[in-house]
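Same order as they appear, the protein sequences are chains A and B.
Throughout the first sequence, residue numbering follows the numbering used here, covering 1 to 519 in sequence.
Throughout the second sequence, residue numbering follows the numbering used here, covering 1001 to 1330 in sequence.
There may be inaccurate statements among the hints.
[What the hints assert, rightly or not] Derived pair list, reagent style DMTMM-like, types lysine to aspartate or glutamate, alpha-carbon separation capped at 20 angstroms:
{"#": "1", "chain 1": "A", "residue 1": "Lys413", "chain 2": "B", "residue 2": "Asp1080"}
{"#": "2", "chain 1": "B", "residue 1": "Lys1270", "chain 2": "A", "residue 2": "Asp131"}
{"#": "3", "chain 1": "A", "residue 1": "Lys121", "chain 2": "A", "residue 2": "Asp176"}
{"#": "4", "chain 1": "B", "residue 1": "Lys1270", "chain 2": "A", "residue 2": "Asp176"}
{"#": "5", "chain 1": "B", "residue 1": "Lys1058", "chain 2": "A", "residue 2": "Asp178"}
{"#": "6", "chain 1": "B", "residue 1": "Lys1007", "chain 2": "B", "residue 2": "Asp1033"}
{"#": "7", "chain 1": "A", "residue 1": "Lys181", "chain 2": "B", "residue 2": "Asp1312"}
{"#": "8", "chain 1": "B", "residue 1": "Lys1058", "chain 2": "A", "residue 2": "Asp476"}
{"#": "9", "chain 1": "A", "residue 1": "Lys181", "chain 2": "B", "residue 2": "Asp1080"}
{"#": "10", "chain 1": "B", "residue 1": "Lys1007", "chain 2": "B", "residue 2": "Glu1222"}
No lab work stands behind these hints, which were simulated from the structure alone.
In this text the structure is predicted, and so the values were computed from the model without any measurement.
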Amino acid sequence: MNVQKIASLSPINRRRFAQMCAGSLPLAAAACRRSKDRAYSRGNTLIAAVDPHNNDRPLTPDTEAEFLVYLPLVRMDEHGERQPCLATDWKHSADYLEWTYRLRPGVRWHDGRPVTVDDVKFTHDLHSRPDSPVYQLRTECTVHDESTFTVRGIGWTRWAGADSYMSMVPKHLLKDLDYQKWNEWDFWLRPVGNGPYRYLRYQPGTMVELEANPDYYKGKPKIERVVLKFTGQAGLTELLSGNVDAIRENKQPRAVANDSRFQTYWEPNPGRTWAIIWQNAHPLFRDRDVRRALSLAINRRELVQVLNLPSQLALVDGFYTEPQLRRGEGSEPRYDPAEARRLLDEAGWRQRNRDGIREQDGREFRFTALTLAESSVAQTALYVQDQFRDLGVRMDVQPLDGGVMSNRRNTGKFEAMVYYFPSTDNGLDVCCGERAHLIGYRNPQLTRLIEVARTTADPEVIEDAYREMTDLLRRDQPIAFLFGFGTAHIVHRRVKGLSVPSRADPLRCTDDLGLEEER
Amino acid sequence: MGWYVVKRLLQAIPLLIGIASITFFIVHLAPGDPMDVYLEERYRREVDPQVIELIRKKYGLDQPLPVQYVKWIGNLARGDLGESFRYRRPVASLIAERIPYTLQLTLLALLLDALVGISLGITSAVKQYSTTDKVVTLGSLVLYSIPGFWLAVMLVLVFSVNLGWLPTSQTRSLDYELLSTSGKIADRLGHLVLPVFVLGVASAAGTARYMRNQLLEVLSEEYVLAARARGLPETSVILKHALRNALIPIVTLYGLALPFLLGGAVLIEKVFAWPGMGLLAVEAIGARDYPIILATSMMAAVLVVLGNLLADIAYALVDPRVSFDATRKA
C-alpha cells in the first residue's frame, strides 16, 4: 500500500465534522420524540401479536388464540372452578375418572350447522389417537342421547382438566380429511368454529382477521374485529409503534415499564418453575446440609426485582396444584444467609482462601452451573453466582442452548444447572422416581408418593401426596426452587376488562372485553 | 463453454455427496436430542412414553444412525427433503414458501449494494483525496463497522416507532388486499425500505472501498496513461478503459454472492419478522430440526458450487484473457 492511500484515510477537518453533527441533529431529535398514539385510530378492532409455530396457522388447537374461534366444554374461573361453556352441567364418578356432561342446546358452527354430541365424540376420538399431533388424551367418549355424553380417562396420562383447554372441532368438515396431513389442512387457515369470533380473511405471512359472531351463545361480543398479526420477534416494536394492542412476553420489557400507554397483566404458569438442579451424586452436593445452605443463600425476592418480574410472582419451595396455589398454600423458600454460613461451617467448609472461596482439605468449593444462553436465565444464574460469592462459594456459569441443556439434564452430565423444572409429578419423577439417577437423588418414600399422585384423578388424594412430597423436598433440597413461570401480557390501555390472574390473556377472554373509544 | 459447464457440474456431484455425508453426521453429532426440544416446545406437559416412541418411530429416529443416513441420502436423491419435526410439514413446501421472501430482500439488497457501492467507489477513486473522497471513506468505514442488527433496531426506533414513516416489520400491511395495484406496490416497497437498506448499505460500504482501490490500481496502469496520451476524454478513459478492468474482481465477488441470495440474512429477518430462509434455518438449528437443517445446508452447498461456476463464467465473459478452450486443453 502506498503512502497516498494511507493519507486518504486521514480524519476530516473540524468544520466538516461539525457540519455532519449538525446534519444528524434532526435525526437524533426524531429518535427522542414521543410518538403519536395510533392505537385509537383503529376503532373497534383489537390487534394482537402472535408468533404461530405452525407457519401462519394461529388457530390450530392448543394455540394461544384458539378460543377466539372454538369453544371448550367448560372454562375455569379465577377460583379454579369449572364454569359452563359448551357444556351446561356435569357430574363425575367417585374416582373422578368418568365425567358426564350435558351439551348446551342451540349452539351452531359458523357455517350454520348445529354443534352436536357427535362433534364432541369426534374431537375426543381424534385427540385420543396414539399418534395425535396435539393431545394424548387416552379417553373413551360415549354418547348417551342427543345432549349427554360421558368421557372416561383410560390411560397413563391424567386427562382431567382437558375439558377446559380442549376445543371442539366440527366433524362434518374434518371427518374426510387425511389425518396424517393434519398440519397442512387449509381448514386451519380458514377455520369454522363455534366461538365468539368467526373467520373473515387471511393474508399469508401477515395476519388472520376475525369478526364478532352475531350467533354466539353469550351474544355478539363488544369488540367487532380481532386481527392476529404474525409479528414473530418484532412484537415489542410493533406495540411501541402503535401497530398492535397486545403482545405476550416472558417478562415485562423495560421499554414499556414506564410507558403510560400500556398495562402489564401477569399470568402465572404453575406447571413450571425455575430451579437450580444439583447433581446430588457430586461430592460437593452429597451433603444435604450443603444443599440447604446454598438454597438459604439465595434472596429470591431481590432476584425477582432484578429480573423486573412482578412482585406477586409465586415463590414456592415444593410442588403444589393450581387450587393449592390459589388458596395461598404455597410456602416461600427461606432466605437466611447467616444460617447458610453456619451450615457450611458445620459441614466442614470453614477456611477461606485469599479469593474468599471456602475450602475443605485443600479443595475449593467451586463448581460449574449450566444455564440457557437466554438473557433472563443467564441473568438469573449471574445473580445466584453473586449471592454464592458472598457465601464463599464459587459458581462458574456456562451458557448452553436449549437442546444441549435438555440433553445434559437427561443424561445427568452436569454439576448443577439453572434450568426450568416441571412442577408436576412428571417433574418429580425426574428427581425422585425411576429416572432419579439423573440427578443422583433417590428416595423410596417420594417414589411411592409419585405413584400415588400419578395413578389417581382424585384432587384431594393428589393434594395430600403433593403436601407430603413438598415436605420431603423441603427437607432434602435435591433441587433449589427459584421462581415460577409466567407470561406477561402487555396490553394497550384502551383494552378494558382484563384482570389478573385468570383474565390476564386478552385472547382467552376477548368476548368479555371492550375497547375504549377515541378521546 | 458448454463442455466446461457440464464438466464442472459432473465434478460437483461427488463433492455434494461428500458435503451431504459430512453435514449429516456433524448435525447428528451435535449434543441434544430433537425429541427433547420437540416435546418441550410442542407439548409443555406430560407426554406418555409410548407416544414419544411413536413420534420417534414416525421420524425414523429409532433407527441406528447409518440406517437413518442411507434413508436420508436415498430420499434426497429422489428430491424428498423429509418432514420438519417442528412444523410437521414437508420441508420442500416450507422452503418454497420462504424463498420468494428471501429473494425479494436479497436481490434488492444486492442491487443497492452494486448501485451505491460501485458508484461511490468510482466517485471516491476519481476524486481521490477530495472532501467527497474523505466523506465516502469515513462513511464507508462507519457503516461497515456498525453491526447490522444494531443499525436495524435503531432505524426501526427512529423511522417506525417515533416518526411512524415506515412499517416496523413484516412484508405487507394489514389492509394490503384492500389497496389498489399501485397502493400494493407502494406498500410492498415501503416494507422493503428498512431491511433492504440495512442489508445493502453495509455491503455497499465494503464494495465502495473495494471498488475505489481496484479503480485506483487500474488508473495507475500504463494503458490508461496511453489512453490519456491519445487524448481520449477522461469520462471515456474511466468508463470504457479503466472501469471494465476494475470490475473483473467485483463481478467474481457477485457470483459468489449466490448462496447469500437464498440463504437470507438471519438477524435482519429476525428484527423485521421477515419470513425468509435465514430465519427458518436458524430456528431449525435451535429446535434440532434435522430435516430443515440438512435441507438448508445442502441448498447452501449447491449454491456455493453454482456460485463458483457462475463466477468463473462471468470472469471469462468480462476478461477476454480467460478462455474455456484454454482450460479444456490444459
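Hints, one by one, checked against the model:
{"no.": "1", "hint": "A:Lys413 / B:Asp1080", "result": "violated, 37 angstroms"}
{"no.": "2", "hint": "B:Lys1270 / A:Asp131", "result": "violated, 33 angstroms"}
{"no.": "3", "hint": "A:Lys121 / A:Asp176", "result": "holds, 15 angstroms"}
{"no.": "4", "hint": "B:Lys1270 / A:Asp176", "result": "violated, 38 angstroms"}
{"no.": "5", "hint": "B:Lys1058 / A:Asp178", "result": "holds, 16 angstroms"}
{"no.": "6", "hint": "B:Lys1007 / B:Asp1033", "result": "violated, 41 angstroms"}
{"no.": "7", "hint": "A:Lys181 / B:Asp1312", "result": "violated, 44 angstroms"}
{"no.": "8", "hint": "B:Lys1058 / A:Asp476", "result": "violated, 41 angstroms"}
{"no.": "9", "hint": "A:Lys181 / B:Asp1080", "result": "holds, 16 angstroms"}
{"no.": "10", "hint": "B:Lys1007 / B:Glu1222", "result": "violated, 38 angstroms"}
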